[in-house]
Amino acid sequence: DPRLRFNMSTSHNSAEAKKADLRANDKKCSWASYMTNSPTMIVMIGLPARGKTYMSKKLTRYLNWIGVPTKVFNLGVYRREAVRAYKSYDFFRHDNEEAMKIRKQCALVALRDVKAYLTEDGGQIAVFDATNTTRERRDLIQAFVKENAFKVFFVESVCDDPEVIAANILEVKVSSPDYPERHRERVMDDFLKRIECYKVTYQPLDPDNYDKDLSFIKVMNVGRRFLVNRVQDYIQSKIVYYLMNIHVHSHSIYLCRHGESNHNIEGRIGGDAELSPRGKQFAHALRDFIEEHQLSDLKVWTSQLRRTIQTAEELGVPYEQWKILNEIDAGVYEEMTYEMIQKTFPEEFAARDQDKYHYRYPGGESYQDLVQRLEPVIMELERQVNVLVICHQAVMRCLLAYFLDKSAEDLPYMKCPLHTVLKLTPVAYGCKVEMFYLNVEAVNTHRDRPLGKIPEDSALIHRRNSYTPLSSHDQVKRPRLYSVGNQPWLPLAPTPSALMPEGQQSQVSERVPGSPFKVATVNS
Amino acid sequence: MPRELTQNRIQKIWVPTKDDKPAPRRAAGAPHFANPPTVIVMVGLPARGKTYISKKLTRYLNWIGMPTKVFNVGEYRREAVKNYSSYDFFKPDNECAVKIRQQCALAALRDVKSYLKDEGGQVAVFDATNTTRDRRDMILKFGNENGFKVFFIESVCDDPNVIASNIMEVKVSCPDYRNCNKTEAMLDFQRRIECYKTSYQPLDPDQHDKDLSFIKVIDVGRRFLVNRIQDHIQSKIVYYLMNIHVQPRTIYLCRHGESSDNLEGRLGGDSGLSPRGKQFSAALAHFVKEQQLNDLKVWTSQLCRSIQTAEHLGVPYEQWKALNEIDSGICEDMTYDEVKEKFPEEFALRDEDKFYYRYPAGESYQDLVQRVEPVIMELERQENVLVICHQAVMRCLLAYFLDKSADEMPYLKCPLHTVLKLTPVAYGCKVESIYLNVEAVNTHRDRPEEVKRGTGTLIRRNSVTPLTSPESNIKKPRIDDLDEPPIQDMPPSVASIALCSPSHLPLALAGQNLRMSRHDILQPCQ
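Same order as they appear, the protein sequences are chains A and B. Take any residue in the first sequence, note its place counting from 1, add 814, and you have its number in our numbering. Take any residue in the second sequence, note its place counting from 1, add 602, and you have its number in our numbering.
This is chain A alone, in the form it adopts within the complex (with noise of 0.2 Å):
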């Protein structure tokens, strides 16, 4: 199988054998499997306004990223969508009975979603957003897993400074379905009045007796301390390591590539070439951009590829090379052209076009391969201030795919352009994206997925044999309760379609020439 190029790699799925085989397979020859080996469900607990969905949202996003089928389950949707018309607190009184009897209706709705996705569906990982915060629920949702053979992780956060809640509040809450053109005001009082209704009842984890053999991880203050207890497997311990982190002080990232080099000019792929002048050109105002945006204290990082280096060095600040942002290995195609590629082994050309992101290249890397080897990238991204990574286009790919939540389809056709920086920030749930070209002329490297060539299988299939990144998916909201008709309050701010694969455009962005072109938008 030239895609994966594993000598003796297993079975030829079928898309009705899939399903069924998945976790056999997975036993057989995946790794990311192997970490997995049950399903687990991630139960967060904590008063509202803890930032439980902020950690939901991105460690789901990371756990697909390396490959691990993850979905979160938020309980407010569920309620959302049973419930039409939030009034106020009164209906997160313990003593709301008829509240209280409708919320776990919801609750026990989000479950059975989680146990088809988990022994339907291939996921792995369920995460299920809700307060959880008494033991009467959480022991259902434990008798729920035993039943299901499932394994469970509790991630509680505790949080008591009221400076943080506040922010948390403004930040997401106010913005919430629950609180349509609303006064401010009025909305942080009301959602401090919920959360008022949840003290009453509030059982924190107990890791010194009833909850002592829980497997759990209690973040403290916003990860200023972590009780970790009982960690089971791999993948527990991967989350616990991520969890601890992330941070959550306001960070900029700025992606770019190297400034066009020769080979780029004549379209050969990999090789070690240097700056063309153009190339030389952008460093060049890539140093005046960072003077312009006054990037003091930002950490430049660059490959040990010579074209990322002399890009850097144009900058006059110091600069760490990593030989993990080094661009996707083309094994024996290095320094070829795609037409010589195309013509010299026209059948592993179209094999990469089948299935870009698993193609593995003869004695090289696949993009599969490449997001294994930036885990740890990310990992260190995520526990710096403001980085600049001057790197290469399979890896800046790779490295959007992560922010911006892309699955392993879009990935391989995602847009980086030469000459483009993107900047990065974290807002509420999402990645807000701003795009910025340094109008230096440089060489078009994209190249588009080619027509009526879309992948067969979903990512699904393949994932097995390790990271595979699938995009977080929104759950679905069918309504389920008491349909009452309510408008899905959808649509979540789209990837601005500068970057997006060719045909799955979602927004017309406008460039205005001569002036850097800059597209803004909120990827949730």
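Each hint should be verified, as a subset may be incorrect.
Reference excerpt, derived from the structure (chain B facing chain A, CB under 7 Å, subset only) [as the list claims (entries may be wrong)]:
(1) 605
(2) 825
(3) 826
(4) 827
(5) 828
(6) 829
(7) 838
(8) 841
(9) 845
Quick caveat, the hints were computed from the structure, so don't treat them as lab data. Here the structure is a predicted model, which means the values were calculated and not measured. Cβ coordinates follow ideal geometry from the N, Cα and C atoms, glycine included.
With chain A's structure known, arrange chain B on it following the hints.
Just chain B now, with coordinates in the frame of chain A:
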């Protein structure tokens, strides 16, 4: 003006200077953490595994290229006070002894300082009980004055069984008790613990110590409390500590069976097994059965020869791309002679510094260490594992377990058709080398005789260059006001237990080309 770039010949790194020495910046791709040095301070009652954690962590940090050294205050104390008589020495009201112990701590800190300031050390592990706030405040002050970061690791354990087994395993054979029987030693040691208990002030995350950076390891890793991680290295340490365990287990390392490329003496490639290679696979299957391991996990690379070897075992196995053989770039599929002929300069450069040498468009051993780091982390998490890998990869893994330096690593002997069985014991690792009696070619190339040695210590900073954990080298007596004359030589038992000296290696690894029959070599690495 941007500087001209030249490529460093050994490491193939683009550097803006003409200097052809290995690049001063770290090479293998970890970011450059221009961090101040770190002092890791152990906290806990005796027999809580502090020394175990210290040594293991030090071995790991050295392996990933972070120069690290343990400073065990107990050794300073034994140096200062020749004859240990009984736990009386540790009573809080034994004023003279308290003074001596304080002196020892100061002497150790002095050594920490010179290690971190003058000797290129990056991390010092201060292995002592440090159970009082007074002592910890003194250390914090010391760190502050010298611009070192301080990270505490407290080990808390109340399980009497764990403590007793720890005492039996490493304490009763300690030089303090060389003239006692085990029961007496056990009893005395328990009294010693009691002495510390009276003054023990655990780290208090809620009040007194809430601003410190620390991890509390509770009940041998059942639970962890992590407070205020400051940087990459602390986060790395925490992750490592959370993944290690103390369950008894065995790790088996071997290479794939002999391949047809082996027969022709070719590097790299992706060839299949030779007939003898297949024979080895069958022998390996037999061996695995004989070992009677439940839940043995088998890992291979993604190269044909290691997968073919695993296929013979008839058990499930996992493929890791990270276990693939070192990428020899433009030299793939060539024999050493061909390399020598076609790229004579490259050939010579590799001999000059085999660890740092990166094949053009390929990898170095240094790159390899970084690539297999996740494998090490996962090996630490697992119990019984058989890793079927490749010569260079096996050398990297072995260097981790046996605490070998970057200089030795590329010359460790990992012959074909031989299984190494690694069993953790006390502070080290027991190695048995089992030749499965199937002939194979020799793929080992000895270190050339007159090789200019690379510089070693200094360039290791900030790079992924494994170092051997340095032996503790308490040089001369430093405490003057004691009656007893200081000990000149460490008693041999100390050397073997406390230091896990890397100089005692199984013969097969140490040098001569021995042919072993099955199961007849059994040597602990200590």
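Here is what the structure says about each hint:
no. : hint : verdict
1   : 605  : 6 Å, holds
2   : 825  : 5 Å, holds
3   : 826  : 4 Å, holds
4   : 827  : 5 Å, holds
5   : 828  : 4 Å, holds
6   : 829  : 5 Å, holds
7   : 838  : 9 Å, violated
8   : 841  : 5 Å, holds
9   : 845  : 6 Å, holds
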